[in-house]
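Protein chains: 2
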Amino acid sequence: MIETPYLLFLGDAPDQLAAKVAVGIKDWRPENAVGQYRMDGCKADLGLTDMTLTEAKEAGAKTLVIGVANRGGVISQEWKKVLVMALEEGFDLASGLHNLLRDEPDLVAVAEATGRKLHDVRVPEVEYPIANGIKRKGKRCLAVGTDCSVGKMYTAMAMDAEMRKRGMKSTFRATGQTGILITGDGVPLDAVIADFMAGSVEWLTPDNDDDHWDLIEGQGSLFHVSYSGVTMALIHGGQPDALILSHEPTREHMRGLPTYTLPTLENLRDTALALAKVANPDCQVVGVSVNTQHMSEEDAIAYLAKVEADMGLPATDPFRFGPGKLVDALAAL
Amino acid sequence: MIETPYLLFLGDAPDQLAAKVAVGIKDWRPENAVGQYRMDGCKADLGLTDMTLTEAKEAGAKTLVIGVANRGGVISQEWKKVLVMALEEGFDLASGLHNLLRDEPDLVAVAEATGRKLHDVRVPEVEYPIANGIKRKGKRCLAVGTDCSVGKMYTAMAMDAEMRKRGMKSTFRATGQTGILITGDGVPLDAVIADFMAGSVEWLTPDNDDDHWDLIEGQGSLFHVSYSGVTMALIHGGQPDALILSHEPTREHMRGLPTYTLPTLENLRDTALALAKVANPDCQVVGVSVNTQHMSEEDAIAYLAKVEADMGLPATDPFRFGPGKLVDALAAL
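Chains as they are written, first to last, in the working numbering: chain A, 1471 to 1803; chain B, 1471 to 1803.
Chain A with its partners taken away, still in its complex shape (with noise of 0.2 Å):
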C-alpha cells in the first residue's frame, strides 16, 4: 500500500513523545526509516541519520512518513514547505493526521503535477456495522492504560512478535496510525463516527481459530476524558478474553490534563474488568505492562516486583525485559 523505505518527517516536535508515530515505525520496522527529517526547534531525535531529502532520496527513500503530532489543528505553512519539496523531489507522502493531506489544495495540486500519492492512513474507507455483540470464535486480548501513550501499542507488539516466534497463532490488529503505517491495515479508530466504533472493532476481530488471538492495539483511557469513549467502544466491541493493564509510573498528571491525575493499578483494573464483563463474563486480567524508561533499571525491577506483589499479576516492561511473561500468561489461559 505504503511505498518503503521510509523518510521519517519529525517537523517541530515539542518534545519526543510527539513523534510517536515516527519511533514506532523505527522500533518495528527499522528496515524501512532510511533517516529522519527534522526542521528547526525540533526536540525528538530517534537516533536515526539527519538527511535532507535529496540525500534521502539518493539513500533509496520512496515516502515521506509523517510521524509526528501537528499543532492547533493545522498544518502549518513551514512543514508545506517541507511537504511540496517533497513531492517535488519524488516522495509519496503517508500521515496519520487529522488534517488530511487530500484536504490541502497545494498539496493535492503538486501531487497531481508530479504524479505522487497522498496517503490519508487515518480515513476509514470501509462502512463499518453497528455493533451486533454477538460472542466470537478464537481469542482476543486488549491492554488497557491508566491514560494515553503509556506503551498500549508497543506491548501488543511486542506480544505479537513473542507469540509468532513461540509458533502460536497470533495477529497485531491496528487501531491507531501508526499501526496502520507499520502494518498496512486496521481500523483508524479516533476517526470513525460514534455510532460506529464499537462495530468497527466487532470487524477487526472477526471469528477465528480456538486457539488463535488477537492482539488488539488499545487507545486513550478510561480515565482520560478525552477519548474514553473510543476505549469504551474497543473494549465493548473487542470482546477481550484477556486485559493487560499498562502504565507509565513517573507521569505525575493525565495526558494534556493537568488537573487530573493518574488511576491506580488497582482501580483500572476493577474499572475495565467490570466493563469488559459486560460483553465478555469469561474476561480476566491477565498481566501488567509498565512503561519503565524514565527509571533506572535497578527502580524499574523494584517497581515490577512491588507490582507483582500487590497485583498478584505478571509484570513487565515488554520494551526493556520482554514480553515473556505476558505470552506465557495468554499461553496458560
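These are computed hints drawn from the structure, not numbers from a lab.
It cannot be assumed that every hint is accurate.
If several chains are the same, the list does not tell them apart, and a pair holds so long as it fits within one copy or across any two.
[Claimed, not checked] Here are the computed lysine to aspartate or glutamate pairs in the DMTMM-like style, where the Cα-Cα straight-line distance is at most 25 Å:
1) 1747 - 1722
2) 1605 - 1722
3) 1490 - 1665
4) 1639 - 1677
5) 1550 - 1597
6) 1639 - 1679
7) 1551 - 1515
8) 1496 - 1582
9) 1550 - 1574
Got chain A; can you put chain B on it based on the hints?
Coordinates of chain B only, in the frame set by chain A:
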C-alpha cells in the same frame, strides 16, 4: 442553529406515530409551532391550525420542519413539490431523516437560488474541539440508562420544563436529532467523529451562571455494547454534577441484543458514578426515572416505592407522575 418558529410538515404520515418528531416539538416547544402542513392522505393531526405555506409565512414561520418519518427510504416527489415551494416562499428546511436534504440536487439548487438554508440535523455542522476536561461554571445533570430508549430524553425535557416553571435557570441540551429539531440547537452525538465526542459535549454545555442547570440529553447505555462509547463521552464531556438513573423494568433484554440482560439499578449507579467522578469528583446520583408505560398504575406505584426503599433515592415516572421529585433533588444540591 435553526430559525424559529416552525411550520410542522406532516406530509402523508400513515399514523400519528410516524409524526413523533412533530409531536415532540408541539409538546415541548409549542411556542415554536405556528401551524401544521398536511398533505392529502395524512393520518396524523397535532391539533394545530392547518396552514398553507403562504399563511404560515404570514404568521411568522421561518423554517419548515420535516416532523415525520419518510417511507421506503426516499424523499418522494410529492414531498419534493412542497419542499421546493417552501424554499421559494422563503422558508429554510430542517430534517432529521437519514436521507439528507443536501444530497437532493434539486433542493440544493433551489436553496442556493433562493438563499435559504437546508438543515440536516443528523450531520454535525460544527468542528468540535477535543475535550480539555477543564472544570466549567454552572451545573449539569445527565440521565444514564440501564439500556437505550428507556426515557432519558423525556426525563431531561420534563425536568427542564418543570424547572422553568419554578423559576429555576435551566437549559435542555439536545444530543440527538429529535431533541435538536425540538429546540433548534444541539449536537448530533452519534454522528460525531470518535475523538471529538467528549469535546462536542463540552462545547454544548459551556460555562454558565453558578445556579444554572444544563439538562443534558442522554444517549445509549454504559451496558449497551453497541453504543457505550457514546455514553462514556457524555459522562466525561458533560462533567455532570447530578446523575439520574433511567430504567424500563419490563424489558427482557438489552434493546437489539437478545443475549444481553439489563444491569441492576445498583450496578448502573456504581458504574456510572465511579466513571463520572473522574471528570467531576463532586458528582452525585440524585434520583431514578422509571418508564412505567407497560405497567398498571398500581404496579408502577409499588415499583417506584420499592426503588425508593432499595436505593434510598427519589424515584418517579416523569411522564405519568411528573418530574417534581427529580427537580426537588436538583434544587436541594
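Here is what the structure says about each hint:
no. : hint        : verdict
1   : 1747 - 1722 : between (30 Å within a copy, 19 Å between copies)
2   : 1605 - 1722 : between (39 Å within a copy, 19 Å between copies)
3   : 1490 - 1665 : between (28 Å within a copy, 18 Å between copies)
4   : 1639 - 1677 : within (13 Å within a copy, 52 Å between copies)
5   : 1550 - 1597 : between (30 Å within a copy, 22 Å between copies)
6   : 1639 - 1679 : within (8 Å within a copy, 58 Å between copies)
7   : 1551 - 1515 : within (21 Å within a copy, 62 Å between copies)
8   : 1496 - 1582 : neither (29 Å within a copy, 51 Å between copies)
9   : 1550 - 1574 : within (9 Å within a copy, 36 Å between copies)
Hint violations for this structure: number 8 only, all remaining hints satisfied.
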